[in-house]
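Undergrad: Our numbering puts the first residue of the sequence shown at -18, with every later residue one more than the last.
No wet-lab data here; the hints were simulated from the structure.
Quick caveat: nothing in here was measured; it's all calculated off a predicted structure.
Careful: at least some of the hints might be erroneous.
Below, computed lysine to any residue pairings styled on SDA-like, alpha-carbon distance capped at 20 Å [stated by the list, open to error]: (1) Lys(-5) to Arg26; (2) Lys39 to Val5; (3) Lys(-5) to Arg14; (4) Lys39 to Gly52; (5) Lys39 to Arg28; (6) Lys(-5) to Lys39; (7) Lys39 to Glu12; (8) Lys(-5) to Val30; (9) Lys39 to Arg56; (10) Lys39 to Pro50; (11) Lys39 to Leu57; (12) Lys(-5) to Thr34; (13) Lys(-5) to His20; (14) Lys(-5) to Ser22; (15) Lys(-5) to Leu17; (16) Lys39 to Leu1; (17) Lys39 to Asp6; (18) Lys39 to Val29; (19) Lys(-5) to Phe31; (20) Lys39 to Glu7; (21) Lys39 to Leu13; (22) Lys(-5) to Leu13.
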Amino acid sequence: MDILKMKHRMISCKEVLANLSSYVDEEGSAELRQVLEEHISWCRRCRVVFDTTGRMMKIMRDAEPFDVPLGVSARLYSRLETVLSGE
């Protein structure tokens, strides 16, 4: 898409959410990132989703690994086997 057309194009909240992962992962064109940033700057709903996503990613990056209790691990593996086998 032409850069000038993209800069002046209104992007929907649905399009923002569809491209949020790419934006957070710093993928996609500079033009798309600019359009997303512009939308997020004035759209409260999308800004909340964007901020919440960023905070969650920070929590996940900062989290220390931990051992899962044996009982929980056994139940998890049992459930995964059930789901993956299609029962």
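Undergrad: State the violated hints by number, sorted upward, taking the hints as numbered earlier in the document.
TA: 4, 6, 7, 9, 10, 11, 21
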